[in-house]
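Trainee: Sequence:
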Amino acid sequence: MNTPLINRRQFIQILALTSAGWPLISKSEKLILGRDTEEVYKNLTDPWLSLAEVQEHLFPADNESPGARDINALGFLRNMLDTPDMDSEEKNFILQGVGWLNDLSIKNHKNSFVKLNSENKETVLRQIESSRAGSRWLSLVMGYLIEALLSDPVYGGNKDAKGWKWLEHIPGFPTPTTEQVYFKIGMNENTRRRTKA
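Per the numbering used here, the sequence shown starts with residue 1, numbered consecutively.
Some clues are possibly wrong.
Below, simulated SDA-like cross-link-like pairs (lysine to any residue); rule was C-alpha separation at most 25 Å, straight line [to be verified]: (1) 91 with 114; (2) 115 with 43; (3) 91 with 139; (4) 107 with 138; (5) 42 with 160; (6) 110 with 44; (7) 42 with 82; (8) 107 with 49; (9) 159 with 95; (10) 159 with 169.
Estimated spans, in silico, between C-beta atoms of each pair [said to hold, decoys possible]: (11) 173 with 110: 47 to 55 Å; (12) 117 with 179: 40 to 48 Å; (13) 129 with 44: 19 to 27 Å; (14) 122 with 44: 16 to 24 Å; (15) 175 with 106: 38 to 46 Å; (16) 115 with 91: 23 to 31 Å; (17) 118 with 179: 39 to 47 Å; (18) 64 with 120: 22 to 30 Å.
Just so you know, these hints were derived from the structure itself, not from any lab.
The beta-carbon is built from N, C-alpha and C at its ideal position, and this holds for glycine as well.
When you get a sec, could you build the whole thing from the sequences and use the hints?
Mentor: Dropping the structure here:
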C-alpha cells in the first residue's frame with residue numbers, strides 16, 4: 001500500500017501559505033454573518049442542499065480534523081455568492097453546476113446526489129471532474145471550501161476558528177468585528193472580487 005506523500009493537514013497548510021494573498025472583497029446587505037451553523041443548514045433546498053453535500057463529501061470530518069459543516073462552509077459560500085461585487089457568471093456557473101450534478105446522479109444512479117451513498121457520490125464527482133467545465137466547477141467549490149477553512153470567522157466560515165485551531169494557525173491581531181468587516185468599511189467601486197478558476 002502506498003502512503004501519501006503529504007497528509008491532509010499538510011496539504012491545507014500549503015494551500016494556506018499559497019493563498020495568503022487572496023483578497024476577500026465585498027459589500028453586501030444579504031450576508032448571513034453571525035447566523036448559527038444550525039440555522040444555515042436547517043431546511044435546506046437546492047441548490048444549497050446539494051452544495052452542502054458536495055462540500056461534506058470533499059471535506060469530511062474525521063477524528064483529527066473538522067469537516068465542511070463544522071467550519072460552516074455553506075454559510076461562507078452563501079455569503080460570498082450573495083455579495084454585490086461577485087462575478088455573476090461565476091455565481092451562475094456554481095449554481096447551475098448543481099443541476100448538472102443531479103442530472104448525472106439521476107441518469108447513472110436513479111437518484112439525486114444527496115440520496116446517493118458515499119461510493120456513488122464519489123463516482124459522480126469523478127465523472128464531473130473528467131470534463132473541463134466539471135473540473136472548473138469542482139475547483140470553484142473546493143476553492144470556496146478552503147477559503148471557509150482559512151477565513152476570519154467574522155465572514156461566516158471557520159466557525160469558532162476550528163480551521164485555524166486544526167492548522168495551529170495564530171491569526172494577526174486585531175481581528176475585525178462585525179462592524180469592521182471590509183464591506184462595511186467601504187471599497188473602491190472599481191474593485192471586483194477575483195475569479196479563482
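Trainee: With reference to the structure, classify each hint as holding or not holding.
Mentor: Here's how the hints hold up against the structure:
1. Of the supplied pair hints, the one linking residue 91 and residue 114 holds, its CA atoms being roughly 21 Å apart against a limit of 25 Å.
2. Taken as a hint, the residue 115 and residue 43 pair is honoured in the structure, with Cα atoms around 16 Å apart against an allowance of 25 Å.
3. For the proposed pair residue 91 and residue 139, the alpha carbon gap of about 13 Å is at most 25 Å, so the pair holds.
4. Proximity of residue 107 to residue 138 is assessed by CA-CA distance (about 19 Å); at most 25 Å being required, the pair is judged to hold.
5. Distance restraint check for residue 42 and residue 160: the Cα-Cα separation of roughly 19 Å lies within the 25 Å cut-off, and the hinted pair is therefore satisfied.
6. Using a Cα cut-off of 25 Å, the hinted pair residue 110 and residue 44 holds, with the two alpha carbons roughly 21 Å apart.
7. Proximity of residue 42 to residue 82 is assessed by CA-CA distance (about 18 Å); at most 25 Å being required, the pair is judged to hold.
8. With a CA separation close to 19 Å, the supplied pair residue 107 and residue 49 stays within the 25 Å bound.
9. Distance check on the hinted pair: residue 159 and residue 95 sit about 24 Å apart at the alpha-carbon level, within 25 Å; holds.
10. Between residue 159 and residue 169, the direct Cα distance comes to roughly 14 Å. Compliance with the 25 Å bound is thereby established for this hinted pair.
11. Separation of residue 173 from residue 110 is about 53 Å and conforms to the stated range, judged on CB atoms against 47 to 55 Å.
12. The beta-carbon spacing between residue 117 and residue 179, approximately 45 Å, falls within the hinted interval of 40 to 48 Å.
13. Between residue 129 and residue 44 the beta carbons are some 24 Å apart, a value that agrees with the proposed interval 19 to 27 Å.
14. Distance hint for residue 122 and residue 44: a CB-CB separation of about 21 Å, consistent with the stated range 16 to 24 Å.
15. Taken as a hint, the range 38 to 46 Å holds for the pair residue 175 and residue 106, whose Cβ atoms sit roughly 44 Å apart.
16. A beta carbon spacing of about 26 Å between residue 115 and residue 91 agrees with the range 23 to 31 Å that was offered as a hint.
17. The hinted window of 39 to 47 Å between residue 118 and residue 179 holds, with their beta carbons roughly 42 Å apart.
18. Distance hint check for residue 64 and residue 120: the Cβ-Cβ separation is about 26 Å, which falls inside the suggested range of 22 to 30 Å.
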